[in-house]
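A.B. asks: Line by line, the protein sequences give chains A and B. Under my numbering, the first sequence is numbered contiguously, ending at residue 117. Under my numbering, the second sequence is numbered contiguously, ending at residue 116.
If you're looking for bench data, these hints aren't it; they were derived computationally from the structure. Be aware that one or more of the hints could be misleading.
With a straight-line cut-off of 20 Å between C-alpha atoms, the simulated EDC-like cross-links for lysine to aspartate or glutamate are [claimed, not checked]: (1) B/Lys42 with B/Glu87; (2) A/Lys3 with A/Glu44; (3) A/Lys3 with B/Glu59; (4) B/Lys57 with B/Glu45; (5) A/Lys70 with A/Asp86; (6) B/Lys42 with A/Asp29; (7) A/Lys3 with A/Asp86; (8) A/Lys55 with A/Asp86; (9) A/Lys55 with B/Glu104; (10) A/Lys70 with A/Glu26; (11) A/Lys72 with A/Asp86; (12) B/Lys42 with B/Glu65; (13) A/Lys3 with B/Asp88; (14) A/Lys55 with A/Glu85; (15) A/Lys72 with A/Glu57; (16) B/Lys42 with A/Glu57; (17) B/Lys42 with A/Asp86; (18) A/Lys72 with A/Glu44.
Simulated DEER-style distance windows between Cβ atoms [unchecked claim]: (19) A/Val46 with B/Thr43: 14 to 22 Å; (20) B/Lys57 with A/Ser42: 40 to 48 Å; (21) A/Ser42 with B/Gly99: 23 to 31 Å; (22) A/Thr60 with B/Tyr85: 41 to 49 Å.
We put the CB at the ideal spot given by N, CA and C, even for glycine.
One letter stands for each residue in the lines below.
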Amino acid sequence: AQKVTQTQTSISVMEKTTVTMDCVYETQDSSYFLFWYKQTASGEIVFLIRQDSYKKENATVGHYSLNFQKPKSSIGLIITATQIEDSAVYFCAMREVAGANTGKLTFGHGTILRVHP
Amino acid sequence: GALVYQYPRRTICKSGTSMRMECQAVGFQATSVAWYRQSPQKTFELIALSTVNSAIKYEQNFTQEKFPISHPNLSFSSMTVLNAYLEDRGLYLCGAKTGGARAEQFFGPGTRLTVL
């Protein structure tokens with residue numbers, strides 16, 4: 001069965017610094033998709049970035065990038081030049097190929113990020 | 001762009017009553033819709049997966065008798081929480097995607113259910 005684990009419950013950083021959030025996953029599939037979402041204070045879930053397991057190059061979108069270490073089943077999220085508005089709960093999620101067409105995502109428990117001025 | 005709307009955003013119901021929530025996809029075809037419940041502790045539970053023209057698949061601990069879902073077309077889905085009790089409270093999220101393994105899944109803002 002698939003499982004996603006985020007060990008960091010919360011992180012506090014100063015504005016304009018770089019933060020890394022950890023995520024490890026378990027799957028029996030050889031192909032899968034990994035996602036990071038953030039949930040704002042209003043509850044809205046916003047897609048940030050994805051990594052397809054067959055791609056070796058780490059994904060980068062804006063000031064988000066991923067540290068994909070497939071042998072360790074790890075997909076860390078790196079946010080550079082953090083801003084106050086990056087404060088949110090960040091969720092790591094995985095979709096196995098078996099569930100790909102239906103959209104079944106397995107989520108981690110989330111990491112609260114607080115960015116201070 | 002692709003957007004997902006959910007209605008209502010918040011609802012309060014008395015214990016033992018039922019409430020219906022809706023999910024609408026705009027700008028793309030919602031071939032598949034996944035309904036999740038996020039507990040007050042922030043954990044996500046998948047309730048069911050719905051694909052147009054296919055049977056709705058419920059996860060363990062969730063049943064059609066309790067959470068009937070309708071997915072009549074490529075832009076709309078609804079779910080009802082029947083006989084709601086305190087343990088049903090939470091944020092109900094609709095995640096919609098087009099067909100294809102790599103397609104993005106877009107989430108609505110959720111319906112927050114409070115049960116009195």
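A.B. asks: If a hint holds in the structure, say so; if it doesn't, say that too.
C.D. replies: Hint by hint, here is what the structure shows:
{"no.": "1", "hint": "B/Lys42 with B/Glu87", "in the structure": "holds, 14 Å"}
{"no.": "2", "hint": "A/Lys3 with A/Glu44", "in the structure": "violated, 23 Å"}
{"no.": "3", "hint": "A/Lys3 with B/Glu59", "in the structure": "holds, 15 Å"}
{"no.": "4", "hint": "B/Lys57 with B/Glu45", "in the structure": "holds, 14 Å"}
{"no.": "5", "hint": "A/Lys70 with A/Asp86", "in the structure": "violated, 27 Å"}
{"no.": "6", "hint": "B/Lys42 with A/Asp29", "in the structure": "violated, 26 Å"}
{"no.": "7", "hint": "A/Lys3 with A/Asp86", "in the structure": "violated, 26 Å"}
{"no.": "8", "hint": "A/Lys55 with A/Asp86", "in the structure": "violated, 27 Å"}
{"no.": "9", "hint": "A/Lys55 with B/Glu104", "in the structure": "holds, 17 Å"}
{"no.": "10", "hint": "A/Lys70 with A/Glu26", "in the structure": "holds, 11 Å"}
{"no.": "11", "hint": "A/Lys72 with A/Asp86", "in the structure": "violated, 27 Å"}
{"no.": "12", "hint": "B/Lys42 with B/Glu65", "in the structure": "violated, 25 Å"}
{"no.": "13", "hint": "A/Lys3 with B/Asp88", "in the structure": "violated, 23 Å"}
{"no.": "14", "hint": "A/Lys55 with A/Glu85", "in the structure": "violated, 30 Å"}
{"no.": "15", "hint": "A/Lys72 with A/Glu57", "in the structure": "holds, 16 Å"}
{"no.": "16", "hint": "B/Lys42 with A/Glu57", "in the structure": "violated, 31 Å"}
{"no.": "17", "hint": "B/Lys42 with A/Asp86", "in the structure": "holds, 18 Å"}
{"no.": "18", "hint": "A/Lys72 with A/Glu44", "in the structure": "violated, 31 Å"}
{"no.": "19", "hint": "A/Val46 with B/Thr43: 14 to 22 Å", "in the structure": "holds, 19 Å"}
{"no.": "20", "hint": "B/Lys57 with A/Ser42: 40 to 48 Å", "in the structure": "violated, 30 Å"}
{"no.": "21", "hint": "A/Ser42 with B/Gly99: 23 to 31 Å", "in the structure": "holds, 30 Å"}
{"no.": "22", "hint": "A/Thr60 with B/Tyr85: 41 to 49 Å", "in the structure": "holds, 45 Å"}
Checked against the numbered hints given earlier, this structure breaks hints 2, 5, 6, 7, 8, 11, 12, 13, 14, 16, 18, 20; the rest are met.
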